[in-house]
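In this text, residue positions in the sequence shown follow the numbering used here: the first is 24, and each later residue adds one.
There's no promise every hint is true.
What the hints assert, rightly or not - Under the rule of at most 27 Å between Cα atoms (straight-line distance), these lysine-lysine pairs were calculated in the BS3-like manner:
1) K226 - K92
2) K179 - K141
3) K179 - K92
4) K92 - K44
It is worth saying that the hints were derived from the structure and are not from the lab.
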Amino acid sequence: MKRAVPLLLLLLATGCASTLKNSRVRPDYESVDRTRLKRLVVVTAPAPAEPEQLGELWSRIARRYVNQKRNFIVKAHTSLPGRVDKAELERLCAEAAEGLEGVLLLEPTELRRVGSGKDAGVEEAVHAQLLRCSDGQEVWSANAAGSFESEDAQLKESATLWTNGLSASVEPYAAPAFRLLRPTLDSLPEPTPPATDEETMEKGDAELF
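Produce the entire structure from the sequences given, and follow the hints as far as they go.
Written out as structure tokens, the structure reads:
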């Protein structure tokens, strides 16, 4: 009789096939936001107190990924200990960078270490939103969750880049964060491509981060 594979190990091995649970885009996105909402700041909030700098890690990963895989121009990123209310949204839009049109908000809704040794991983979940700077309205949202191995040979070099200068305590969370955020961010709508030479240069500069 074959020994049953523990569910936790199976989830870690597969990365949870259905990481993205749901996503939605405003029905008027094509006519209202596709050409007007490109320049973003990424914010992880409320960022967990432990491990220290996890919010910075998530925001770094999201900024790089969106700049590389979408026509958005992510100009800044940050993390905050509290929730983003209307006043904070207005402050971010005004102060985080020049000419911002939206906020990509990542809210960690679950985060815990699981397993040990070579089987160590992270169980985590995120609620993500794209909010307009003009009126604070939600343009897109998504929910994702899963369990992922901390040691990921495919992401070893990238994880070193993401965690450069950060506390060693976030290193086990780097690969799992990418595995969670990638399908989440892949469900973002696609704005129009750069339309002018100036915008093309702006996009190129953003991708250098």
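Okay, the hints, checked on the actual structure:
| no. | hint | verdict |
| --- | --- | --- |
| 1 | K226 - K92 | 12 Å, holds |
| 2 | K179 - K141 | 15 Å, holds |
| 3 | K179 - K92 | 20 Å, holds |
| 4 | K92 - K44 | 21 Å, holds |
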